[in-house]
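Novice: Given the structure of chain L, go ahead and fit chain P onto it with the hints provided.
Protein chains: 2
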Amino acid sequence: MNAIIKESPSLAQELRTALERGEGDLLSELVGAHPAQDIALALGELPRQHWHTLFERLGHERAAEVYAHLPTEHQTELLQNLDHDQASRLIGELSYDDAAAVLDELQDEHAEAILDALPEGDQQILNSLLAYPEESAGRIMTPEFATVRPEWTVAEALDHLREHSEIAETVNTIFAVTPKGQLLGWVRLKELLLSRPTTSVQTTLHSDIVSIEAHEDQEEAARRISHYDLDVLPVVDEWGSILGIITVDDVLDIIRDETTEDFHRMAAVADLPLSLRDASLKMLYRKRIGWLVILVVVNILSGTAITFFEASIEAVVALVFFLPMVIATGGNAGAQASTLMVRALATGDIQASDWFRLGLKEILVATALGLALAASIWLTGTWLGTMQIANAIAIAMFLVVLFGSLFGMTLPFVLTRLKLDPATASAPLITSVVDVVGIVIYFGVATAILQLG
Amino acid sequence: MNAIIKESPSLAQELRTALERGEGDLLSELVGAHPAQDIALALGELPRQHWHTLFERLGHERAAEVYAHLPTEHQTELLQNLDHDQASRLIGELSYDDAAAVLDELQDEHAEAILDALPEGDQQILNSLLAYPEESAGRIMTPEFATVRPEWTVAEALDHLREHSEIAETVNTIFAVTPKGQLLGWVRLKELLLSRPTTSVQTTLHSDIVSIEAHEDQEEAARRISHYDLDVLPVVDEWGSILGIITVDDVLDIIRDETTEDFHRMAAVADLPLSLRDASLKMLYRKRIGWLVILVVVNILSGTAITFFEASIEAVVALVFFLPMVIATGGNAGAQASTLMVRALATGDIQASDWFRLGLKEILVATALGLALAASIWLTGTWLGTMQIANAIAIAMFLVVLFGSLFGMTLPFVLTRLKLDPATASAPLITSVVDVVGIVIYFGVATAILQLG
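Protein sequences appear in the order of chains L and P. Sequential numbering from 2 applies to the first sequence in this note's numbering. Sequential numbering from 2 applies to the second sequence in this note's numbering.
Don't take every hint at face value.
Label pairs and their calculated CB-CB ranges [what the hints assert, rightly or not]: (1) 445/P x 450/L: 30 to 38 angstroms; (2) 294/P x 105/L: 49 to 57 angstroms; (3) 82/P x 276/L: 49 to 57 angstroms; (4) 129/L x 33/P: 28 to 36 angstroms; (5) 199/L x 164/P: 49 to 57 angstroms; (6) 418/P x 117/L: 48 to 56 angstroms; (7) 207/P x 216/L: 33 to 41 angstroms; (8) 163/P x 204/L: 15 to 23 angstroms; (9) 105/L x 207/P: 26 to 34 angstroms; (10) 21/L x 271/P: 31 to 39 angstroms.
Hints were generated in silico from the structure; no laboratory data involved. Think of the CB as a built atom: it goes at the ideal place given N, C-alpha and C, for glycine as much as any other residue.
One chain only, chain L, in its complex shape:
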């Protein structure tokens, strides 16, 4: 994906000017003409003293919309400057899934004080959402949705939706349920609109229902919505009764965050909770030093292996010349293989059970890569050294590329089997391990062929 270069004049600048000059009308016009997401972004760049004025100018409903799009640390900061009643009013305007996410980030006493000031009904709903495990589908669902009954007529269903559309988050896809909330089918709102009013809802229903259990992982919700092109995914309890819905815009954020996590892990960076823009120096240091130190330990083995083969190095100095080429190429082939597997596992393109079939394929691809690279290094070898040296480094290249590819390909599957994230098979990890094994293979082959040591 190419980088995005913002060209528009800064909204933050315009807002700041309006705020400093006290131009209320201009301010209202600006906040009316820009999406809540842009106002939330601009707010972060404004001095703290303007936050309150800007929020007052937004009005209740829009203030909640902007608030919902602020980064977590700004949300918390803003709440801490409000008393419990003001805070409760703001939280009360949020949709339940957004409200639960905000409360989850607060300290327990603070969250409880805010909850206590909310209406009884809201308290119950938020407490039930917060009772689901973190990262579960139940945590991000919204319990505000409208369902219809199959025995109703289309006119009755539309009346019912009209009455409930104010509280329901989306009404593009409507679910028909039994009195106990069991899913019977779904229908698009536009299909209802198009049907004759006296038709029964039953006849308009589609029966291919995709749902998710509340305790399942959010990522699985994201995968289903993405795979089945859904705008709404119903969340059900273990008996199949509908508890809430997850909408496509909720999972876009999850997909983006999960993918970023995978990118970072693949480069041996521990999970950064914030955006790179907002991450502190201390956090960046802490998230990077861990793997660097672990890999230094692996690299000590490389040093040990080289020292072990010192006699060979002194006997045939040309071997040192070709060493970086061979072990780096093995590491690179391994990084390619592991990345292909990690990404295909993450998108659901392949499953853990495909290991054997993909392993066979990788053996063939790696053999082809190894032969091509061995041939080119053999030519360089005969040109710069003896035929014997050329043979030794070519065989070593082939074996190291084969080892690197198979190791890189296998590690993500092993991690999956161990219930770890396959993305832990980072390029730096693969490269470091292939370095160690590659040095042993390289000097082992050279010692045998050149009859050293």
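Specialist: Frame of chain L; chain P shown alone:
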């Protein structure tokens, strides 16, 4: 993202049994109860001779739905087994954006023959879509949408939508336009449903419009839909008149594909057009060998550098022991830095113009990382060698980590400036370059401090 393990019994197996036993009722039930995406997946695993029977059983509309979700090569294969009339009928059932995508993959004569057999109106629309540049927003928009006029009453608007909802792809968000198609505002369908029928549409409109020009990049469309949590993004011409709409499910696929491309580039794999599952051995070989060979050439420089410092190696053998540790750590720190930048650029978290600020931050983080790693290697050095050696390798470690981090951090921005994909700054490329420079720094520092050579 954790790998997904499929546990359900295979739909392909069930379909196959029903097809082989000729159980038509079971077949109809199976295809009715499963989403089109699952049927499309299962089809790929069925023998070719069953494809036709299965498609006949689906009925026109659902056949088109399943067809739209087949991988490109299966779509082409199926079309080639149909005569032009049959092919045109299938293409005619697809939504325009899906139809344009299929025609785009066919050979020109074949595509033209199918186009010719379509109704005049469809031909015109498809030709206009195919005239937009590849990867542009215009290519993936659907021209089937309904708009309303601000001077209408809500009742008139709803009647209009009801009349046009059969052809319009989505009606969740409605755009109000001038007679010339200029965007005036948007309103949610549920807001219209909730308003009094005699209200004017004007009073229900939101004015914060996000749109995209038809010639802009698809990725930009994906970014806007994702950033603004839109379900529909209007596509406009250079004068701001609406041409079509892009829906959120269209961009989920684009985001997934672009992200996969980034993952592959970051591991020095050229773009794989197919899924890993379906990629042939030859394609996998070709997409991996290119960078491996280029990096071998870079690694030749590493070998040359080492050979150049042979005298130092022979004088102080301990230097070889610490070499892999120092240069690998520099490469790892560089891979971390480049991945953080590439991903943040791709998500829009940072912009190309942030280079200077992030560069300063990286200098500080890299200094902290370099000092910590230098301290640990210094301790190992004094333990295994002399104080002088410890000093030399610690200074080298600090400088190599600093160089690696800054190089890894800078390269994505340089590539962006050159209008290349920042993801070309792959971990293998960074590692290989840092290897070469790292060897020179390492032996340069060692030669100076140990007064060798």
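Novice: Each of the hints needs a verdict: does it hold here or not?
Specialist: Hint check results:
In this structure, residue 445/P and residue 450/L meet the distance hint of 30 to 38 angstroms, their C-beta atoms being roughly 34 angstroms apart. Taking the beta carbon of each, residue 294/P and residue 105/L are about 50 angstroms apart, inside 49 to 57 angstroms as hinted. With their beta carbons about 50 angstroms apart, residue 82/P and residue 276/L fall inside the hinted range of 49 to 57 angstroms. At roughly 35 angstroms, the beta carbons of residue 129/L and residue 33/P sit within the given window of 28 to 36 angstroms.
Hint check: residue 199/L to residue 164/P, Cβ distance near 19 angstroms, so the stated range 49 to 57 angstroms is violated. A hinted range of 48 to 56 angstroms holds for the C-beta pair residue 418/P and residue 117/L, which are about 54 angstroms apart. For the hinted restraint 33 to 41 angstroms between residue 207/P and residue 216/L, the CB-CB distance of approximately 37 angstroms keeps it satisfied. Hint check: residue 163/P to residue 204/L, Cβ distance near 18 angstroms, so the stated range 15 to 23 angstroms holds.
For residue 105/L and residue 207/P, the Cβ-Cβ distance of about 30 angstroms falls inside the hinted range of 26 to 34 angstroms, so the restraint holds. Against the hinted window of 31 to 39 angstroms, the Cβ-Cβ separation of residue 21/L and residue 271/P comes to about 52 angstroms, which falls outside the hint.
This entry does not satisfy hints 5, 10, going by the numbered hints stated previously.
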